[in-house]
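Asks: Kindly generate the complete structure, drawing on both the sequences and the hints.
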Amino acid sequence: MDDALKDRLDAERRDGQQPEERAADIAREQTSGIAQLAPDSALTRRPRISPINQRRWRNFKANRRGYWSLWIFGILFFIALFAEFIANDRPILVEYKGEFYYPVFVDYPEEVFGGFLPTTDYRDPVNLEEINANGWMIWPPIRYSYDTKNLEPPTPAPSPPFWTLSKEERCAGYPQGVADPGCVIGNMNWLGTDDQVRDVLARVIYGFRISVLFGLILTAGSAVIGVTAGAVQGYFGGLVDLFFQRFIEIWSSIPVLYLLLIIAAILPPGFWVLLGIMMLFSWVAFVGVVRAEFLRARNFEYVNAARALGVGDWTIMFRHVLPNAMVATLTFLPFILSGSITTLTALDFLGLGLPPGSPSLGELLAQGKNNLQAPWLGFSGFLVLALMLSLLVFIGEAVRDAFDPRKSFN
Amino acid sequence: MTSTPIKKVGEASALLSVENLSVAFSQSGKTVLAVDDVSFSIAKGETLALVGESGSGKSVSALSILKLLPYPAASHPGGAVYFEGENLIDDDERDLMKVRGNRISMIFQEPMSSLNPLHTIEKQVGEVLKLHRGFSDKAARERTLELLAKVGIRNAEERLGAYPHQLSGGQRQRVMIAMALANDPDLLIADEPTTALDVTVQAQILELLKALQAERGMAMLFITHDLGIVRRIADRVCVMYRGKIVEEGPTRALFDDPRHEYTRHLLAAEPKGRPPAANVNSPVVMEARDVKVWFPIKTGLLRRTTSHVKAVDGIDLTLRAGQTVGVVGESGSGKTTLGLALSRMISSTGEISFDGERIDTRSFKAMKPLRRKMQIVFQDPYGSLSPRMSIADIIAEGLSIHERGLSAEARDKRVVDVLAEVGLDPAARFRFPHEFSGGQRQRIAIARAMVLNPRFVMLDEPTSALDMSVQAQVVDLLRDLQKRHDLAYLFISHDLKVVRALANEVVVMRNGQVVERAPAEEIFERPRTDYTKALMAAAFDIKAAPTGVVSE
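If you read the protein sequences in the order shown, they are chains C and H. Each residue of the first sequence is one higher than the one before, counting from 1 in the numbering used here. Each residue of the second sequence is one higher than the one before, counting from 411 in the numbering used here.
Think of the hints as simulated: they come from the structure by calculation, not from any bench. Owing to the predicted nature of the structure, the values given are computational and were not obtained by experimental measurement. Glycine included, every Cβ here is placed at the ideal spot set by N, Cα and C. Do not rely on the hints blindly, as some may be mistaken.
[Said to hold, decoys possible] Chain C side only, calculated, beta carbon under 8 Å to chain H, not exhaustive:
hint, residue
1, Pro-160
2, Thr-164
3, Phe-300
4, Glu-301
5, Tyr-302
6, Ala-305
7, Ala-306
8, Arg-307
9, Leu-309
10, Val-311
11, Pro-323
[Said to hold, decoys possible] Computed beta-carbon distance windows for the label pairs:
hint, chain 1, residue 1, chain 2, residue 2, range
12, H, Arg-543, C, Glu-249, 47 to 53 Å
13, H, Phe-665, C, Tyr-67, 56 to 62 Å
14, H, Ser-773, C, Leu-387, 43 to 49 Å
15, C, Tyr-67, H, His-844, 22 to 28 Å
[What the hints assert, rightly or not] In silico negatives: residues of chain H with every beta carbon more than 12 Å from chain C:
hint, residue
16, Glu-494
17, Gly-495
18, Leu-541
19, Gly-659
20, Ala-928
Replies: Below you can see the structure in the form of structure tokens.
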């Protein structure tokens, strides 16, 4: 045991009457007109969720609009994550001749069900009849995937939502009309079909999922890169800052659209390639804000205090400065998120985005533009985008409130 | 004790009478009464001091006289402010604008932020004249010159084109006063006009205000927390406590015979006591020889170093365990820089040894293991605690670096112990800094330093951001801790009262050099140099020194 500690223990033993003195001291302070803190709850143990996070959650909930948006968005996103069980052109579960099959997870060759093709088309009337004769199957509520063509459309493509048509019209595409076993609710196109007779609702669900995932990954990735870059520049300043800033100026003046065109000609376009290219440039948006916050905060007294304690640079950056710089970043985050979704949509709209055939809201909008006689295309795309972006912005606002330390004074 | 006799409206002697004034602030449905049924009056040519600690409502009362509060968040549930028989509370903005800056003018606390940094002095002072008097440019310029000369700005002609940042704090406050006096107001409201200034400058400004007041016969409402100033400047005093005036009376009577308990508490609150006797045989903790901190001035295209700002210029210091060296001086004298150099927060030249080991040759990285033994307590308890960390995390941070082996429980135990030691309720350790008052925050900052059992603590004006009564408590606490743990303090302050209560040896600094150095009793009893004498006079008697001895 070192001497200092021993001294201290001795001192504490000596001062047996200390608690009373301290109490008197506290009492004096409490009666002397100095602003007070009267602990209303005794926090004797460290709570599982730290009080600051509890308070953040309370603040978040206090923003009713954001709180409800989170629920709605959460439910929608959760459903969309399991899109294969909601909208698919193969059944979830098949019982055929006493055995169970899981077509959502496994590609069964058609010979399993008495055919000869390498994969089974469960929408084929012959297969349907065969399976239903020797067992049963559970279909998702929508019997189309994003790329499934409706081979029995009620009208030439694009065909309108089924609820705008009479019962006879709806089943006009099926050989036996209204009596056809294929003319069931699961085969109806709730939002009509696009010009390639694909179900719009199925495409919207998959498109929503891919857009949100793209946005989230892009935002998270660029936030990590951008915040780190901004933090390093702001905290160290000097030459690091000078050179990094010049680099960013050059970097951000590269025309992204041309680059996308060039790269699309070399690499096969796809989700990850697009994400990678976008991320190369989108992190720059964070740097300015974070750098400014760090430049301001690095001379704060509590940063000096941490230095005086011997805390390392990186710990200071991420434990002391970053949480206080985060509000500015978080104010930015929902806009980056909705911005990246909008960018993806715009690229798809122009045909530079995801490969053809992918479920994409931008492509839906482009179809709406090309088929003005089919307003359900444009409306569906617009409403889904508007709903998604509004929810995200509302949630972002509530997150910002939650991280605002001054909110606790209410 | 709100039974102040209420002056009748338009009573001959009262220039301004505030009657039963209340101010409420409402925020998100909650209403807080900041000023509660306050009455006072000021006669022509009289100085009334409004005294109280932060949060007592003294500034709010003063601001509501001119209705300068953030309405409608602020409101007046009741009361009236009669200025020459006219109720200002009922007046609309247009009527008030005729009074503001004209009949009643105001000086604020922060001379830096109350002057517009983008306007020259001439423009700022001239604006008031043009606005209320319709002066022409030329007339305004002449009057501005006259005013600047009156408030004691030398070479006023050259100063006309200066911007606020080119002036010192004292000069800026003089400009503020010139602006306030421009239209010969009947009443001057001074809201802590000297709090942000050095003691020496404070004395000068107070002297100036007193002289100007006598010359012009204007009334003055002086708001302050410093009883020393009150005693020196005020005719009558109102003591405010939690939004109420608890005692009112002529200055002398109030100081000689305080009746309300709170007034007695305030009067008793000045830092008292003396440090324990110095023991010349106790081990040397820190020794510094010829410490220099020179900041290069680079000029020209090639950024060649042409000269240096000598912030600290060759200082020797010896610090023994259980003893305090006080470093005093005006702002800019290099005292904080010296402290930072000694604790190796900035680079310096010259030999520094800690516990007999040379530390000036160590890199900043190599200093890390030693940091636990040398701690710093900063001036501003509002700035030095990370607002996003709980008290427990703030205090435990040092432990997690320097005592890695400690289990979570053991660490928590240390935090609880140290909080109790500095007089805070350990149950509050999961709260955040903003939930504590200034004094409590400074205790937290002290706890953060103490939890590592340091041997040397640099105290950088630890009391200057605090209310007087809290200052005394913090000083008591520091002295207590020193005795218990045999700490060596480097106590940096411009406040000689606090230094006197703590320091065994005092080093007086000016322009980076030592002006005088002596054991505390000796320097306080028999200061030798004029500079030290001026500092003493300013601190203890609030008397200004003859021109030239101190900066302005």
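Asks: Restraint: Glu-301/C near chain H, CB-CB cut 8 Å. Satisfied or not?
Replies: With a minimum Cβ separation of about 4 Å from chain H (threshold 8 Å), the hint on Glu-301/C holds.
Asks: Would the stated hint for Val-311/C survive a check requiring a Cβ distance to chain H of less than 8 Å?
Replies: With a minimum Cβ separation of about 6 Å from chain H (threshold 8 Å), the hint on Val-311/C holds.
Asks: Report holds or violated for the interface hint on Ala-305/C, using the least CB-CB distance to chain H and a cut-off of 8 Å.
Replies: holds (5 Å)
Asks: That 22 to 28 Å hint for Tyr-67/C and His-844/H (C-beta), does it hold up?
Replies: Once the Cβ atoms are compared, 24 Å apart, the range 22 to 28 Å for His-844/H and Tyr-67/C holds.
Asks: Grab the minimum beta-carbon distance between Gly-495/H and chain C and tell me whether it stays above 12 Å.
Replies: Since the minimum Cβ distance to chain C is about 34 Å, Gly-495/H lies beyond 12 Å and the statement holds.
Asks: Could you check if Ala-306/C really has its C-beta closer than 8 Å to a C-beta on chain H?
Replies: Holds, about 7 Å.
Asks: Can the hint on Arg-307/C be confirmed by a CB-to-CB distance to chain H that is less than 8 Å?
Replies: holds (7 Å)
Asks: Hey, does the Thr-164/C contact hint survive, CB to chain H under 8 Å?
Replies: violated (49 Å)
Asks: Classify the hint on Leu-309/C as holds or violated, based on whether any CB of chain H lies nearer than 8 Å to its CB.
Replies: holds (4 Å)
Asks: Taking C-beta pairs only, is Glu-494/H more than 12 Å away from all of chain C?
Replies: holds (34 Å)
Asks: Can you verify the interface hint for Pro-160/C: is its Cβ closer than 8 Å to any Cβ in chain H?
Replies: violated (50 Å)
Asks: Verify this label for me: Ala-928/H is non-interface relative to chain C, using a Cβ-Cβ cutoff of 12 Å.
Replies: Nearest chain C Cβ is 29 Å from Ala-928/H, so the label holds.
Checked against the numbered hints above, the structure breaks hints 1, 2, 14 and satisfies the rest.
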